[in-house]
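Given the coordinates of chain B, assemble chains G and A onto it according to the supplied hints.
As they're listed, the protein sequences go chains B, G and A.
Number 27 in my numbering belongs to position 27 of the first sequence; there are no gaps in the numbering.
One rule links them: number in my numbering = place in the second sequence (from 1) + 156.
One rule links them: number in my numbering = place in the third sequence (from 1) + 729.
Derived from the structure by calculation, the hints contain no laboratory data.
Ideal placement from N, C-alpha and C gives every residue a C-beta, glycine not left out.
Please note that a few of the clues may not be correct.
Label-pair ranges, simulated between beta-carbon atoms [stated by the list, open to error]: (1) His1029(A) / Thr606(G): 50 to 60 Å; (2) Phe343(G) / Glu4(B): 48 to 58 Å; (3) Pro143(B) / Arg1244(A): 18 to 28 Å; (4) Phe343(G) / Ser997(A): 44 to 54 Å; (5) Ser7(B) / Pro222(G): 42 to 52 Å; (6) Glu1113(A) / Pro222(G): 30 to 40 Å; (7) Pro222(G) / Glu921(A): 25 to 35 Å; (8) Phe343(G) / Gln100(B): 21 to 31 Å; (9) Glu4(B) / His847(A): 53 to 63 Å.
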Amino acid sequence: MNTEIDSILKKYKPGRRDELIPLMQEIQDVNGHLSEEAIVKIGNYIGLSTTKIYGLATFYDQFRFIPAGKIRVTVCNGTSCFLNGSKAVINAIRELTGLQPGQTARDGIFSYEIVTCMGGCNNGPVISINDEYYPYVKPEQIPELLNKLKFIIEND
Amino acid sequence: MLFTIQVNNKKIKAEKGETILSALNRNGIKIPTLCRMKDFSPTGACRMCVVEVEGRDRLVTACSQPVEEWMKIKTHSPRVITARKTIVELLLSNHPDDCLYCDKKLNCELQRLAEELNIRERRIKARKIKPRLDQSSPAIVRELSKCILCGRCVRVCEEVVTANSLDFIRKGSLTHVGPAMDRDFNFSSCIHCGQCVMMCPTGALHEKHNIAEVQDFLNNTEIVKVIQYSPLVASGIAEELGIRFNRDFDRILNSMLRRIGFDKVFLTGTGTDICIYELAEQLGRNIEKGDVKPLYISACPAWVKFAEQFIPGILTNLSTIKSPQQITGVLIKTLIADQAGIKPEKIFSVSATPCMAMKFEARRDGMMRKGISDVDSVMTVRELARLIRLYGIDVSNIEPEPADEPMAGRSSAASLAEVSGGMAEAVIRTTHFLKYGIEPDKQLMKRLRTGGSFREITVMFEGKEVSVAVIDSLTGLAKLKALVDAGKHYDLIEVMTCPGGCINGAGLPFSFSGSDRKNRVKMIYQADEVDAVNLPCKSPLLNNLYNKFINENKEIADKKIFHTHFEKRNVLL
Amino acid sequence: MEDLKKFLINEVLLFESDTLPADTEKRLQEIRRERTSKPVIFISSGTAGLIAGAGKTFQAAQAFIGDNEPGAEIVKVGCSGPANFEPFVCIQLPGKNKLFFRNITEDKVDTLLNGVFHNDINKDDLVGQQGGRGFELWPGIQFMDEISFFARQRRVVLNNCGCYDPESVEEYIARGGYKSYVKTIRHYTYEEVCNIIEQSGLRGRSGGGYPTGLKWKQALNTGSSSRFLICNAKESDPGAFTDRLMLESDPHRLIEGIAIAAYAIGASTAIIFFRRGSEHAYKRLKRAIESARDYGLIGHNIMSSGFNLDIIIRKEPGAFVCGEETALVSTLEGRRGMPQLKPPYPTTSGLYGKPTVINNVETLMNVPLIMQNGPEWFNSLGTEKSPGTKVFAVAGKGRMSGVVEVEMGTTVREILDDIADGIKEGKELKAVQLGGASGSFITGDSLDIPVDYDAMKEKGIGMGAGGFIIIDETTCMVDLVRHLMEFMHTESCGKCIPCREGTGRMLEILESVIRKPVSEDSGTTLERFKGVMQLETIASVMRDTSLCGLGQTAPNPFLSALKNFRDEFEEHIFDRKCRANICRGLRTFTIDVDKCTGCTACASKCPVNAIYGTRLQPFFIVEDKCIGCGICYDICKFSAIKVK
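So that you can see chain B by itself, here it is in the shape it has in the complex:
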């Protein structure tokens, strides 16, 4: 992991604050999250205090500081999906996993987040699981769908 961060850092110019966000995005893309170590390293490389890096990263929804789950559920809560019942889907996921948006379960299986619009406004409510879309989702489908995926992962 150390070397990964270092090799990503090398692609960017040191001391350039404007490249900070793309740099953090790339590290997150590779590692799945921003570890404390990564934040300190980025700070040293860009020449900014860890405080500022952390303050910046927490402002944006994209950055996470704990690894995402093996099953990453994204729920669309745009106005169109809302009108079609996304709230019930979110409740179903919350009840099943016991998680708040942005959290990862202790066993590292589930994590879920809410986004404002995925663009499937005609097919709402839309969710995506590990980047695969599921249109017209109904809350009662959630337990079956997620438990099936969990079963696959646990027996993998």
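Structure of chains G and A alone, referenced to chain B:
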């Protein structure tokens, strides 16, 4: 270019390029502000200073909008007042109502605004949030429930202190101010200078109180209670108690402290004298040896922590001589203890100071001998004033008394050290005096006193150039670095974290305003002109202390107790 | 390949006349697949298509072709707009008009292709044929522009969308693309380009309607040594997806627009601030930029004109507020994306303190068209003060949804009734919301308002960037307002007090209106009334004093809902009733003892165990325990559960 604008149906003169707020203020119209900081660019976060400009759909922030000739402004129309009032009501809607117990009571800007805007009930109710209370730092307490997110602390930490220890974390209603990784202060790169506390409009950031602890010991009859106080403390106390300060106030303070219950009262100034003297000797030796290493003064504890974190490379050049407070402290626990025949652990030693970082310094690693702290408890001027009030001391009816020997006096140079540039000036003057028996050119010395965050002079020693640099607030370090990188050499470097030196220390009363400060600085400089004992080496008291006490005492004659050590600090930067 | 590139550059782009020689035109027709000897299958592969399953459709078609029609070609094209039709497939047989088929999921592929190739067309999935190109007609099949969804539209900006392979720069050039750009940088001065755009009357399509030419001139006339152009493709309003459709269906036109705009203001760096989460569009755009660079349309000394341009894509890291200009600049500079004070405006001091022009995707998409057809042409479209067209993302409860383009001056009702084809399932309309999460609701007579910046501003309606949400009677307005306020509350940056605290307080008060009363004693009722009394004051102060547009417009949905649906609010507050039966907290469920069979289905599913009873006897619901979730209502097979 001057032109007229219309404000509240009256014409006032405004200058091209200035903001509405400055035009209004110059013409005697007051507009409330919250996030505004003098000499900083406006951020427009609080929206308190909104005014109505004819022809604009929305209200306009006076702090940022430049005046224009056509403008017709209403500063207190019903629409404006409703807006300001609602904004404060929104802030109060989830504010903890503990004004009675709050550290900032009577000095709180939010409280004052609520009063000015005639807010008499909580019309907007909200769920109370209970964020955690961060008491981890030895100096600063963070009470996030009182934070109104004006951002002043963040800006001062970034733009003046340059430690960048604070930033906003998260966004929206979850925003809060905190150090790296949202940890507590003690893990952070905070240097405890307390400038953020001075900036905070509410009680969200305040010093950690030691009053209760001091009180406990004051009640303990088996313990000898000792206090030392810095040269600025007396004027701060005078300000806080609402008395006109004069030079004799030091002696009044002595008797007040004794009435509170302190058995001995010493002057930290004596420690400053020792500090200056030791530094001067060190500098003299360096010059003699032709040593090219710079000598960084380490009297400012916030600067020391800053150096340990951010520029550990210079630590070998940082003078190991303790700060005045710690020198006085260690003498109390050794010399005074011996003299009075008390065991050092039976002494409770308090220091009163205008500095917040001293609270942290007293707990540093190297500030202890045989398990006994040099200084047990550090109080800011504000805390000491509370203690004085608590004990019901009537200032008007009190006889002046001297402090206790052998640390009862100080040279005027010791006061000088409270102002940025003063320590360096005192050291170079002493070095010069020790060598030649006269002081260097006065006009040259004055160039260390004013002129931006980086100042320098060169003094000639036997044909050798000795360069002195003064860093007034840490922003000056950038200039120093640039010059040093370009090959410039300095022999003596003084760094003060607070702008202007300890005179702007975070332990002074909040009401200690700019004009008070200027007066105090003027008095310090005047005293330095007239005082016969204007350098430590001219002080018979100090001579006496060195010759009769320090050099006679086997245990401390080697002066090792005056030294400490510094090392690279591992914190989240 | 190199040969084709040389041909397109030398004989098309650098050819100094608008009419090309017949030979050239012939070759271009081949590139456009208008002269082809084999069948071509076009599969709409935008995000909406992919969500509906276009990826699998593509695989199935590939398999079919491999087995049956090895000569045929399959092309992934962009999306033409109608989201209901996805996966949307178009088939072109040599010399014949294109045929369009809707909802072709993978299971339908074989039957469909088999039919078309054997001249047996399944009318169920057929939408229509595209005429007008001199090809052989399909008898008895209606034309695409006769369908009401397309008939009302005026497709100018979208005219390429869904027609070509967005990853092919060759096809774009063959469709006349980049020609006006090359002409611009070789023959026009900066000022001339700004003048043309100013004359055209083009106004910013992000909602404000600021004249684009004027904005460019302001930046151009600053006398700074360097300037920046930013394309704001951070479209994050819930329910708005116009920019993304244009990006993934016609990326080259956007690049051309950016390049012309950058030239006009003398910028040598352009940055596309890209929406997070549209990976598909991101990849396409990236590839498009690479191929434009390969063709020498971006880079150093472009087409020997002396103009240099670099286009960078920056992915937005996830904050609604950084669509605001100054916050966007802060984000690009690597700071927290909080809005800054204006003035100074970005046109004088933007990115790194340099003059910066920020235009949105749709605005820039119009630019190549204006350069190509002239300002007079553009001026002839739309209304006097708002020339041109406007793209909307129609979503919600309409029968049709998707991305549509109408001429300015078309009324909201026309879009609603003709293009969206009314409301789904014959329900009643409640309102139309324009302009994303902070847009006002339009109802009743106001629906006749034309799409025109000034006409809408007069009525206090913001046009927004293109959200067009249709709301029907099954929606509770109070709940919807609460939802939108929650969105604003989480997306507020937290900098200024009125927005940060105001959205929070308004949300809490709205929640108290729809929350189940724990006990209906006078205390909570009084509190609720007191809160409601403050809502309007808070809303007006937020509008008056907030730092940026987010806070200023956040109360809009509430204020316009209160104006138009006051009775619904009053019912919630006073009668504790939700007429749409949406607000859980206000629903009471009872069991009809005559209908209940005692099957225990409801009791076993009740999440809070509020239903009691003996098997085969009528059950009952304990009201204090009930949370109003309605699971029992949905599960009961005997309609024994009554809702009040």
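Consistency of the hints with the structure:
1. For the pair His1029(A) and Thr606(G), the beta carbons lie near 52 Å from each other, so the given range of 50 to 60 Å is met.
2. For the pair Phe343(G) and Glu4(B), the supplied restraint of 48 to 58 Å is violated, since their beta-carbon distance comes to about 26 Å.
3. Here the CB-CB span from Pro143(B) to Arg1244(A) is close to 27 Å, well matched to the stated 18 to 28 Å.
4. A C-beta distance of roughly 45 Å is found between Phe343(G) and Ser997(A), which places it inside the suggested range of 44 to 54 Å.
5. Here the CB-CB span from Ser7(B) to Pro222(G) is close to 49 Å, well matched to the stated 42 to 52 Å.
6. The hinted window of 30 to 40 Å between Glu1113(A) and Pro222(G) holds, with their beta carbons roughly 34 Å apart.
7. Our hint of 25 to 35 Å for Pro222(G) and Glu921(A) holds, since their Cβ atoms are close to 33 Å apart.
8. Between Phe343(G) and Gln100(B) the C-beta distance comes to about 26 Å, which sits within the given range of 21 to 31 Å.
9. Take Glu4(B) and His847(A): their Cβ atoms lie about 56 Å apart, and the range 53 to 63 Å holds.
Of the numbered hints stated above, the single one contradicted by the structure is hint 2.
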